[in-house]
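Throw the hints in and build the complete structure from the sequences for me.
Residue numbers (the working numbering), protein chains in the order written: chain A, 1056 to 1366; chain B, 324 to 640.
Simulated from the structure, these hints should not be mistaken for laboratory data. Fair warning: there could be bad hints in the mix.
[Unchecked claim] Listed next, the stretches of chain A that the computed footprint assigns to chain B, with coverage defined by at least 3 CB atoms under 8 Å from CB atoms of chain B:
#, stretch
1, 1168 to 1178
2, 1277 to 1288
3, 1333 to 1339
[To be verified] Estimated spans, in silico, between C-beta atoms of each pair:
#, chain 1, residue 1, chain 2, residue 2, range
4, B, 545, A, 1166, 30 to 40 Å
5, A, 1282, B, 504, 44 to 54 Å
6, A, 1166, B, 484, 44 to 54 Å
7, A, 1225, B, 379, 53 to 63 Å
8, A, 1182, B, 371, 15 to 25 Å
9, B, 504, A, 1330, 23 to 33 Å
Quick caveat, the model's predicted, so the values are computed rather than measured. Beta carbons are placed, not taken as given, at the ideal position from N, Cα and C, and that holds for glycine.
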Amino acid sequence: MSVSALEGAVVVEQAVGTWRLRWQRFRQHRGAMASLVALLLLLAFVLAAFPLQPLLDIDPYATDLLARFDPPSAQHLLGTDEAGRDVLLRLMIGGQVSLLVGVLATAIGGAFGVMLGVSAGYFGGRLDEFLMRFTDGMIALPLLPLLIVLGALDLTKLGFSAEFARSGAAGFWRIVVIISLVDWTATARIARASTLSIKERDFVRAAWASGAGPLYVMATHVLPNIATPLIVAITLTIGRVILLESVLSFLGFGVVPPTPSWGNMLNNAQELVTQAPALAIYPGLLIFITVIAVNFLGDGLQHAFDPRSDR
Amino acid sequence: MARFMLRRCGETLLVLLIMSFVIYSLIGLMPGDPLDVMLASAPGVTPEVVAHLRAIYGLDQPLLLRYWHWLMAALGGDFGFSRSHAQPALQVLAPALVETARLMLSAFTLSVVLALVLGIVAALRPGRALDSIISLAAFAGISVPVFWLALVLILVFAVELHWLPASGTTALGEHGFAAHMRHLLLPVVTLALFYTGQFSRFVRAAMIETLRMDHVRTARAKGAPERRVVLVHALRNAMIPVVTVMALSFGTLFSGALVTETMFAIPGMGKTIYDAILGNDYNLALTGLLFATLVTLLSNLVADLAYGWLDPRIVLT
Chain A
1056 MSVSALEGAV VVEQAVGTWR LRWQRFRQHR GAMASLVALL LLLAFVLAAF
1106 PLQPLLDIDP YATDLLARFD PPSAQHLLGT DEAGRDVLLR LMIGGQVSLL
1156 VGVLATAIGG AFGVMLGVSA GYFGGRLDEF LMRFTDGMIA LPLLPLLIVL
1206 GALDLTKLGF SAEFARSGAA GFWRIVVIIS LVDWTATARI ARASTLSIKE
1256 RDFVRAAWAS GAGPLYVMAT HVLPNIATPL IVAITLTIGR VILLESVLSF
1306 LGFGVVPPTP SWGNMLNNAQ ELVTQAPALA IYPGLLIFIT VIAVNFLGDG
1356 LQHAFDPRSD R
Chain B
324 MARFMLRRCG ETLLVLLIMS FVIYSLIGLM PGDPLDVMLA SAPGVTPEVV
374 AHLRAIYGLD QPLLLRYWHW LMAALGGDFG FSRSHAQPAL QVLAPALVET
424 ARLMLSAFTL SVVLALVLGI VAALRPGRAL DSIISLAAFA GISVPVFWLA
474 LVLILVFAVE LHWLPASGTT ALGEHGFAAH MRHLLLPVVT LALFYTGQFS
524 RFVRAAMIET LRMDHVRTAR AKGAPERRVV LVHALRNAMI PVVTVMALSF
574 GTLFSGALVT ETMFAIPGMG KTIYDAILGN DYNLALTGLL FATLVTLLSN
624 LVADLAYGWL DPRIVLT
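As structure tokens, then:
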């Protein structure tokens, strides 16, 4: 009893020490710290739509063709777009959509990638061979053209009802699903490589020898020990996914209007460039800031988690 | 080596075959079918006639059978007729492939050259100001949405400054070499920026690692000039992983090329596929997607072979 309590205390002490050390190393990375602040500000910006909408008393979906491309005013702080809608509110709501797609698609694709990679690494042999060939095949495909085809699919032909296929929810989930279908390969490879390096270690063999099943060993011994490279990989995936969402929505195969996203706000780019250049700048700039911040964050995490890295 | 090549070629063919079926099925799941498109321009056709037409075109047959017929025709070189171009699909795609190849190769070359210079300069004094600036620029390059970058470049250089054309291409002989380059400049820069950022990070990392190696220290100790140490002793070894990454990335340029071509109205493969999907031109979309897959698979094959050729220590089996 006392021994196990002591052991527990030691483990807790070490864990705190590790994370405190990592936090210190993370703070040294100026780019990553600035990115963390930038991301929090961005989050506050997109969430500001909730108090701002009733305050300004504007419907961000209501079109007003008499008020196209209005300059900024007290009511429309950034002016109006090509359909007379408030630009500021749509940037905020579009940001909510873009960020949510980024996080959800990364979570789903990441979970799939981790499961596939860990199983391949843990079980090895034929299964490993097959799963990795599958992953290599995925990596070798032209990503964007395929995503466009998947974005163009007729959902009713897949057995969904016509109402659902036309709804905004279908547009949202479609893009989440199709991006997570393709963007899991990097996570899977890293999960496999890390699992390979950990599975022959003594504590894993001990668990295995004392009769633990593969699921138990993977969940309690493998996953916690490969978490750090996975966190970095998954952070970098978020940036890539946000870029993919924006380009698909821009091309008309992602988030569909009237739901705004930072990508589809640039649908009428040709018109915007000549009529209201500022409107062509804002959404892309927000995507750019978000993605560069996420990438710096990933870099900072890598620096913090890897004791050997000294930049 | 011969066995390895044979196996990799076999695998490539297998993936291509599987993908041809996947793409064929996906195209079938897109809205409408060839008959709907035809009937849209001929209202008042009775259901019996529609059913009859369906039977004539074989649209009532099961998917596997239709795929088999398509595959047999395709293997004989018949990829069907493009509805929107009123030409065989292959004839539409051949010139488009040339446009895309030109765009991809120019952008690739530009980004490799820039990345080598930036990566080596950054690696010489890691952590210093110049390294930080290059690193920031590289991060900007990999984080900027390609379509928006194109938009901003058009806005600045075509709309505001009137320096460069916003869209289109000219054939080499048509308006001379200068006009040709002026049209190519913005698209190539747009496409190259992402890869310059990505490659320069790899070059920097590989160079930093190699510059710490014993043989580099020996070269310095012998009194070899710094230029030679960096450009010969270190760079040569650092290039092995870098070349692999670069070659593997070449295929992914296709996705960027699609966006770039759409933004600058270049009649390449990417824009052709995009327009075909938008316009329900099934044969063209299908053939174009297969070509795109082939291009990506082949560049990966070349990357694998290059890896073994560059590093004699690796035995490919």
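Consistency of the hints with the structure:
1. Requiring three or more residues with a Cβ within less than 8 Å of a Cβ of chain B, the coverage given for the stretch 1168 to 1178 of chain A is violated, as only 0 such residues are present.
2. With 0 residues having a Cβ less than 8 Å from any Cβ of chain B, the stretch 1277 to 1288 of chain A misses the three-residue criterion, and the hint is violated.
3. Evaluation of the coverage hint for the stretch 1333 to 1339 of chain A: fulfilled, as 4 residues show C-beta separations to chain B shorter than 8 Å, against a requirement of three.
4. Take residue 545 of chain B and residue 1166 of chain A: their Cβ atoms lie about 54 Å apart, and the range 30 to 40 Å is violated.
5. For the pair residue 1282 of chain A and residue 504 of chain B, the supplied restraint of 44 to 54 Å holds, since their beta-carbon distance comes to about 50 Å.
6. Between residue 1166 of chain A and residue 484 of chain B the beta carbon distance is about 48 Å. The supplied range of 44 to 54 Å therefore holds.
7. With their beta carbons about 34 Å apart, residue 1225 of chain A and residue 379 of chain B fall outside the hinted range of 53 to 63 Å.
8. A beta carbon spacing of about 53 Å between residue 1182 of chain A and residue 371 of chain B contradicts the range 15 to 25 Å that was offered as a hint.
9. Judged by the Cβ atoms, the range 23 to 33 Å given for residue 504 of chain B and residue 1330 of chain A holds: they are separated by roughly 30 Å.
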